[in-house]
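First to last, the protein sequences are chains U and C.
Numbering that gives the first Met the number 0 numbers the first residue of the first sequence as 0 and each following residue consecutively.
Numbering that gives the first Met the number 0 numbers the first residue of the second sequence as 0 and each following residue consecutively.
Worth flagging that the hints you see were computed from the coordinates, not collected in a lab.
Do not take every clue at face value.
Said to hold, decoys possible - Straight-line Cα separation of at most 25 angstroms, DMTMM-like style, residue types lysine to aspartate or glutamate; simulated pairs:
#: 1; chain 1: U; residue 1: LYS226; chain 2: C; residue 2: GLU162
#: 2; chain 1: C; residue 1: LYS177; chain 2: U; residue 2: GLU441
#: 3; chain 1: U; residue 1: LYS233; chain 2: C; residue 2: ASP197
#: 4; chain 1: U; residue 1: LYS275; chain 2: C; residue 2: ASP79
#: 5; chain 1: U; residue 1: LYS457; chain 2: C; residue 2: GLU151
#: 6; chain 1: U; residue 1: LYS275; chain 2: C; residue 2: ASP189
#: 7; chain 1: C; residue 1: LYS155; chain 2: U; residue 2: GLU458
#: 8; chain 1: C; residue 1: LYS153; chain 2: U; residue 2: GLU458
#: 9; chain 1: U; residue 1: LYS457; chain 2: C; residue 2: GLU187
#: 10; chain 1: U; residue 1: LYS238; chain 2: C; residue 2: GLU165
#: 11; chain 1: C; residue 1: LYS131; chain 2: U; residue 2: ASP271
#: 12; chain 1: U; residue 1: LYS275; chain 2: C; residue 2: ASP197
#: 13; chain 1: C; residue 1: LYS99; chain 2: U; residue 2: GLU227
#: 14; chain 1: U; residue 1: LYS233; chain 2: C; residue 2: GLU70
#: 15; chain 1: U; residue 1: LYS223; chain 2: C; residue 2: GLU165
#: 16; chain 1: U; residue 1: LYS275; chain 2: C; residue 2: GLU162
#: 17; chain 1: U; residue 1: LYS226; chain 2: C; residue 2: GLU165
#: 18; chain 1: U; residue 1: LYS462; chain 2: C; residue 2: ASP111
#: 19; chain 1: U; residue 1: LYS239; chain 2: C; residue 2: GLU165
#: 20; chain 1: C; residue 1: LYS153; chain 2: U; residue 2: GLU227
#: 21; chain 1: U; residue 1: LYS275; chain 2: C; residue 2: ASP52
#: 22; chain 1: U; residue 1: LYS371; chain 2: C; residue 2: GLU181
#: 23; chain 1: U; residue 1: LYS275; chain 2: C; residue 2: GLU187
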Amino acid sequence: MEDMSSSIKIMMNPKNVAIVGASSNPDKVGYSILKNYLDLGYKGKIYPVNIKEESILGLKVYKSVLDIPEPVDVVVVAVPAPLVPNIIDECGRAKSKTVVVVTAGFAEVGEVELEKKLVETANKYNLPVLGPNCVGVMDLGSGVDTLFLPAYKFDRPGIGTLGFASQSGSVAGNILDVIGGENLGLSKFISYGNASIINETDILNYFADDEDTKVLVFYLEGAKRGKEFIEAVKRIGVKKPVIIAKGGETEAGAQAAHSHTASLTGNYQVYDAIFKQYGFIHSNNLDEIISLAKIFDKQPLVTGNRVGLITNGGGTGVLATDALYNNGLVLADLTQESKDYLRKVMPPIVNIRTPLDIGGDADYARFNDAIKTVLNDDNVDVLAIIALFQTPGADSKVAQAICNYSVDSKKPIVVISDGGSYTQTHKKIIESSGIPVYSSPEMAAKSISALINYAKYKEAASKLYE
Amino acid sequence: MSDENANMMDYIEAANLLKKYSIRVVDSKYIESEDDAVSFSNGDTIVMKVLSDKALHKTKSGVIKLDLSKEDDIRTAYKDLIEKSADLKPYKILAQKMIKGGIEIIIGGNTDPSFGKVLLLGFGGIYVETFKDVSMRVCPINEFDAGNMISELKSKRIIAPDEKSENMIKDLLMKVSKLLVENDNISELDLNPLILHDGTYDAVDLRFILKGE
């Protein structure tokens, strides 16, 4: 376990890298990988390897890993599957430290013998291999990106605290692209494909210890080493929130998983039980995963469930109240001191109770007074603000007022707001401060509830398991 | 089903194993005569069942007799069972004290090929499949897990209306988890129904499936 974790660490921050199958043809995977290293400003030495070419993108090309003058930290392999075991053998002889096999065409398509040969060769040299059939790793901090997705085709995320691991490369590309478009920054990304040597257990252990990662999103199809997997789940669950998607809920889905990645998709209900047992947040809905990631990434953990709800729309306030109660949350009852203050500053049309409906004409000053009072109220654990930007008073100053409170809040703050382009603009402004904006009260309530449940789990589990 | 049945642990053996883990099982005894049944009853209300590999669905096949307390009724029921069970040989007749009222729950165990023993708690009885109000954990479980298994159920307030009953069920779940972990030969078990009644509980139907060869 220690070994594999430290191998992943090397992959994320290598002092040099070889790309076997590097190509000057922009249609080839071996071109995209090399180009991404160059584009991200990777600081280490890059050694392209290709038998046929002399020079690619201005770099000298080597015929074999064995010709490279020094041992290499990471060898990225993107050559046709039948050639891979031989390349692994060369890596072993060249004393390469780690290998990422991007190539597909192994056990996932029935080439079990070929994969066995890969594993045997790697084991002969005790060589840590990621993949095959994966898109590799990404660490924007160190400028490492083995993904063969052309940069112009997807929104590369910025640097942040969200870790992401995925068995599947396609799910990975999709989620990374979505994360890139949202206000979420990425710490590290690992896709591990067939998990023939480095598997989900190693990756959980790696992320458990990775200080750059605050929250982990994980797409899993199946776990290979059952008991060790449980231990790894338990270990990371007590340290940081993990949002997990697990394919194969229906029997048809499980069959699809088998043909997609050669994985032993276990019994879905047992996986779900393990996730519940050790505090993982289980969701198979992409929108929900992103919503959950947003609240966990930037908002503090709290165990109390009293929500201070402010709204500039009466009906939406009623719907949101239902959503809160349906998700195990309650409306906070404000202290007398807050009530007295609000009575003084709010116009007579505003009823001083929660949800605090500050009126359709609420402007910056009214929002600001309400937010300040409710957020600092001792009876409030979480602040939720419904900001409907279609109303006459709600403008960029309101968005700014909300942002101002994100800085030192010890309580989670979420905003509920939906609408067209004017709203979307303000949503972006608010989210840039780290406060998540949800289109529906339901999603906001679900996310708050998940945050509280995890906080409670962490509090109880840290006494038991740490 | 018939394969599983061939690997089923004998009822009294299963009951004794549960008792070894201080898990309560309703008073039960194999009876071999009318007199046996009457003396087992000793004035209490009893149930008699025919246990045979050929009679999985006792209520459907009519080889179960409920709510017997009068001596005459017990004798008549016994005779009737013998008659109806002629083609179920070999069989045994199990007499149990009858529990009236109470809440039926299920506690079950299974073996997952990769994760090992798992424990299940649910709102039970014959509607367990309909309501699917169940929670699950991998073994071994601790008190924290046991508490969460209860609180995850929609029926939590029915099965554990107060702290005392909650503690009782938590304790019971931990005992079953221990039994599962320590008895590798048992691949599945059903305590269904397990009846919560009068501030205590009793496992009534037991189904322990032994690991195949």
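Hint by hint, here is what the structure shows:
no.	hint	in the structure
1	U:LYS226 - C:GLU162	violated (33 angstroms)
2	C:LYS177 - U:GLU441	violated (40 angstroms)
3	U:LYS233 - C:ASP197	violated (38 angstroms)
4	U:LYS275 - C:ASP79	violated (50 angstroms)
5	U:LYS457 - C:GLU151	holds (17 angstroms)
6	U:LYS275 - C:ASP189	holds (22 angstroms)
7	C:LYS155 - U:GLU458	holds (23 angstroms)
8	C:LYS153 - U:GLU458	holds (24 angstroms)
9	U:LYS457 - C:GLU187	violated (32 angstroms)
10	U:LYS238 - C:GLU165	violated (29 angstroms)
11	C:LYS131 - U:ASP271	holds (15 angstroms)
12	U:LYS275 - C:ASP197	violated (32 angstroms)
13	C:LYS99 - U:GLU227	violated (46 angstroms)
14	U:LYS233 - C:GLU70	violated (58 angstroms)
15	U:LYS223 - C:GLU165	violated (36 angstroms)
16	U:LYS275 - C:GLU162	holds (23 angstroms)
17	U:LYS226 - C:GLU165	violated (29 angstroms)
18	U:LYS462 - C:ASP111	violated (28 angstroms)
19	U:LYS239 - C:GLU165	violated (30 angstroms)
20	C:LYS153 - U:GLU227	violated (32 angstroms)
21	U:LYS275 - C:ASP52	violated (38 angstroms)
22	U:LYS371 - C:GLU181	violated (57 angstroms)
23	U:LYS275 - C:GLU187	holds (22 angstroms)
Violated hints, in rising order: 1, 2, 3, 4, 9, 10, 12, 13, 14, 15, 17, 18, 19, 20, 21 and 22; the structure is consistent with all others.
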